[in-house]
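Protein chains: 2
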Amino acid sequence: MSEVKGKQSLRFAKTPFILNSASVVGKKEGEGPLGEYFDVIGNDDKFGCESWEEAESTLQKEAATLALGKSGLTPEEIRYIFAGDLLGQTIATSFGLLDFEIPLFGVYGACSTAGESMSLGAMCVAAGFAENVLTITSSHFASAEKQFRFPLEYGNQRPMSATWTVTGSGAYVLSTQRTHVKISGITTGKIVDYGIHDSLNMGAAMAPAAADTIAAHFADFGSKPEEYDRIITGDLGTVGQEILFDLLKKKGYDIENNHSDCGIEIFDAKEQDTDAGGSGCGCSASVLSAYYLPKIISGEWKKVLFVPTGALLSTVSYNEGKNVPGIAHGVMLEYVP
Amino acid sequence: MSEVKGKQSLRFAKTPFILNSASVVGKKEGEGPLGEYFDVIGNDDKFGCESWEEAESTLQKEAATLALGKSGLTPEEIRYIFAGDLLGQTIATSFGLLDFEIPLFGVYGACSTAGESMSLGAMCVAAGFAENVLTITSSHFASAEKQFRFPLEYGNQRPMSATWTVTGSGAYVLSTQRTHVKISGITTGKIVDYGIHDSLNMGAAMAPAAADTIAAHFADFGSKPEEYDRIITGDLGTVGQEILFDLLKKKGYDIENNHSDCGIEIFDAKEQDTDAGGSGCGCSASVLSAYYLPKIISGEWKKVLFVPTGALLSTVSYNEGKNVPGIAHGVMLEYVP
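Going line by line, the protein sequences match chains A and C. With numbering that gives the first Met the number 0, the residue at position 274 of the first sequence is 273, and numbering never jumps. With numbering that gives the first Met the number 0, the residue at position 217 of the second sequence is 216, and numbering never jumps.
Keep in mind that a hint or two might mislead.
No copy labels: a pair is met if it fits in one copy or bridges any two.
Derived DSBU-like pairs (lysine-lysine); straight-line CA-CA distance at most 30 Å [what the hints assert, rightly or not]: (1) 4 with 69; (2) 6 with 69; (3) 269 with 301; (4) 250 with 301; (5) 249 with 69; (6) 294 with 269; (7) 145 with 248; (8) 145 with 69; (9) 45 with 248; (10) 248 with 302; (11) 249 with 301.
Don't read these hints as lab results, they were simulated from the structure. Predicted, not measured: the structure shown is a model, and the values here were computed from it.
Model the full structure from these sequences, guided by the hints.
Written out as C-alpha cells, the structure reads:
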C-alpha cells in the first residue's frame with residue numbers, strides 16, 4: 000500500500016518506472032551547452048509548419064513518437080496521456096496529440112506542468128490503473144512570446160531578469176516494467192503568492208513556490224538536502240535561484256551544494272543572450288530527459304528531487320493588476336540497481 | 000483491486016463517494032428552469048468584484064467553501080484539489096483557489112473539465128492516495144465572451160447554433176466516506192476531430208466526442224443504454240443532441256429515451272434567448288450538483304452516466320484555420336442504498 004506522507008507527499012509502494020523518454024528541441028537549444036544530449040534538434044524552429052503553434056504541436060508529436068519508439072511500445076499499449084503546454088486552452092497539446100487516439104488528461108500548471116503530468120501519471124501507474132502511460136509537455140519561444148509578451152516582429156527589449164522560453168518538448172513513458180529509474184514519491188505543490196508583480200521576473204515569482212514544495216518534501220519524508228545527489232528545479236534562472244537559496248535557508252535547509260536549475264543549464268546566458276536563463280514547460284521536460292536522467296540510469300546519481308516550477312499568470316490577469324503566484328510539483332527519482 | 004475495463008475504462012473496487020457538492024450560479028441561470036435548485040444565485044454577475052475574471056474566481060471560491068461546509072470538512076482535511084476553467088492559463092482557478100492552500104492539480108479539458116477533474120479525483124481516492132479531495136470547475140458568460148468571442152460592449156449578433164456560456168461553478172468533495180452516491184467507474188475520452196470549423200457551433204464539434212466516449216463506455220462495461228436511468232451530457236445543446244443521437248444510432252445504440260443535456264436544461268432557450276443552450280465548464284458542474292445528484296441521492300435514479308464534453312480550440316487555433324476537435328470524459332454514478 001502506498002503511503003500518504005505528511006501534508007503533501009506520497010511514497011509509492013508499487014513504484015512506477017521511467018521506461019524511456021525523449022527530448023526534441025529547437026536550434027538555439029541545440030547550440031547551447033547541452034546540445035549534444037538532446038535526441039532531436041530542429042534546424043528550423045517552425046519544424047516545417049505554417050505557424051509557431053503548429054510547430055509546438057509538432058514538437059510534442061515528435062517527442063511522443065520517439066519516446067514510444069525507444070520504449071518499443073505502440074500507441075495502443077499506452078493507456079493514458081497526461082499532457083499540457085503554456086498556450087491558452089493548451090492548443091499545442093490538443094493538436095499535437097490528436098492523431099495518437101489515446102485517452103487524454105489535459106493538465107495545466109504553467110511551467111510546473113512537467114512535474115504535474117509526471118506526478119499524475121505516476122499515481123495512475125502506481126495505483127494499477129495502467130501498465131504504461133505517457134506524460135508530455137512543450138513550450139516554444141515564438142508561440143510563448145506571442146501569447147504572453149510581444150510578437151517577435153515587435154522587437155521589444157528584455158530586462159536582465161527575463162527568461163528565454165525554451166523551444167522544446169520532453170516525453171516520458173511511465174511503466175510497471177522495471178528499469179533503472181523509479182519514481183519513488185511525489186510532493187504536490189500549493190499555489191504560493193509572494194506578491195510579485197513583474198511578469199518579466201518569473202524566477203522571483205516561482206522561487207517561493209519552489210522553496211515551499213522542497214521544504215514540504217523534506218518535512219514529509221523526514222529527509223535532508225544532503226541525501227539527494229541533486230535537487231533540480233525547472234526554470235528559476237539565476238535570479239530565482241538566489242531567492243530559492245535564501246528562502247530555504249530561512250526554513251533551515253541549505254541546498255546550495257546540490258542544486259541545479261534546468262533553465263540555467265540549457266543556455267550559455269552570456270554567449271546566447273538569454274538573460275536569466277531558459278524557461279517554459281519544455282525546458283525542464285527536455286533537460287531532465289536529455290541530461291539528468293542518464294546520470295540516474297547509469298547509477299552516477301542515486302536520488303534526485305525534480306521540481307518544475309510554474310508562474311500562474313495570463314496577459315489578462317497581469318493587465319488587470321494581479322500578482323504572479325507560483326506553483327511547484329516535486330517528483331522523487333531513485334536509481335534501481 | 001480496481002479493474003481495467005476494455006480500452007478506455009476503469010471500474011473501481013474501492014469506490015469513491017460524493018460526500019457533498021455545491022453550486023453557485025449567476026442571475027440569468029437563477030431565472031431559468033432550474034433556478035430553485037442551485038445553492039447560491041448571485042444578484043450581480045460581477046459578484047462584487049472589479050473584473051469578470053475576478054468574479055469567476057469568486058464563483059469557485061464560494062462553491063468550494065460551500066461544498067466544504069456542507070461536508071463538514073476544513074480545508075486541511077482536503078488532500079488535493081483537481082480544478083480548471085476555460086480561461087487562458089486557467090486564471091479563474093489560480094486566483095480562486097489560492098487562499099485554500101491545498102495541493103492543486105490544475106486540469107484543462109475545455110467544457111469536459113468537470114468530468115476530467117472528477118475522474119482524476121476519483122482515481123486518487125480509489126487508489127488510497129487521499130481520503131478527501133475537492134474537484135471544481137467554473138465558467139462565466141462575460142469572461143468567456145471576452146476570451147473567445149467579443150467583449151460584451153461590442154454587441155455582436157449570435158447565430159442560432161451558438162450556446163450561451165453559463166455563469167456558474169460546481170464543487171464536489173469525493174471521499175472514502177460512504178454516502179448514497181458512489182463513482183463506480185470512469186471512461187476517459189480521446190480527442191475526436193470530425194473537421195468542424197465553426198466555433199459558434201460547439202454542439203456539432205463536441206457531439207462526435209460524446210458519441211465516441213459513450214459508445215466506448217458501453218463496449219468496455221458490456222452495458223446497454225437502457226441500464227442507465229439517465230445519460231447526461233454537458234453542453235451539447237439542441238444542435239449537438241441531434242448529432243449525438245444520429246452518431247450513436249450508427250454505432251448501434253439508441254439513447255433518445257434516457258438522454259439529458261445540462262446545456263438544454265439550464266435555460267429556457269425561447270424565453271431566455273440562449274439559442275442552442277447553455278455551455279461552459281460551470282454548466283455541467285453546477286447542474287449535476289443542483290439538479291441531477293439529488294435524484295441519485297434519493298434513489299429515484301440508480302445508475303447515471305455523466306459525460307461532460309469539451310471543444311478544443313482557442314482564438315489563436317481558430318484564427319489559424321484549425322478545426323475544432325472535441326473530447327468527452329465519462330463518469331459512472333450509482334445509487335448506494
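Structure-based check of all given hints:
In this homomeric assembly, residue 4 and residue 69 come within 30 Å of each other (Cα to Cα) only across copies, at 27 Å, whereas the closest approach inside a single copy is 34 Å. For a Cα distance limit of 30 Å, the shortest separation of residue 6 from residue 69 across copies, 23 Å, qualifies, whereas the shortest one inside one copy, 37 Å, does not. Neither within a single protomer nor between protomers do residue 269 and residue 301 lie at most 30 Å apart by alpha-carbon distance, with minima of 32 Å and 66 Å respectively. Taking the closest pair of Cα atoms, residue 250 and residue 301 come within 30 Å of each other only inside a single copy of the chain (25 Å); across copies the shortest separation is 52 Å, beyond that limit.
For a Cα distance limit of 30 Å, the shortest separation of residue 249 from residue 69 qualifies neither inside one copy, at 43 Å, nor across copies, at 38 Å. In the homo-oligomer, the alpha carbons of residue 294 and residue 269 lie at most 30 Å apart inside one protomer (26 Å), although the nearest pairing across protomers, at 64 Å, exceeds that limit. For a Cα distance limit of 30 Å, the shortest separation of residue 145 from residue 248 qualifies neither inside one copy, at 37 Å, nor across copies, at 44 Å. Taking identical chains as interchangeable, the C-alpha atoms of residue 145 and residue 69 are never at most 30 Å apart, the minima being 33 Å within one chain and 44 Å between chains.
Taking identical chains as interchangeable, the C-alpha atoms of residue 45 and residue 248 are never at most 30 Å apart, the minima being 43 Å within one chain and 42 Å between chains. For the homomeric pair residue 248 and residue 302, the shortest alpha-carbon distance inside one copy (21 Å) is at most 30 Å, but the shortest distance between copies (54 Å) is not. When the C-alpha separation of residue 249 and residue 301 is checked against a cutoff of 30 Å, the pair qualifies only within one copy, where the shortest distance is 27 Å, while the shortest distance between copies is 55 Å.
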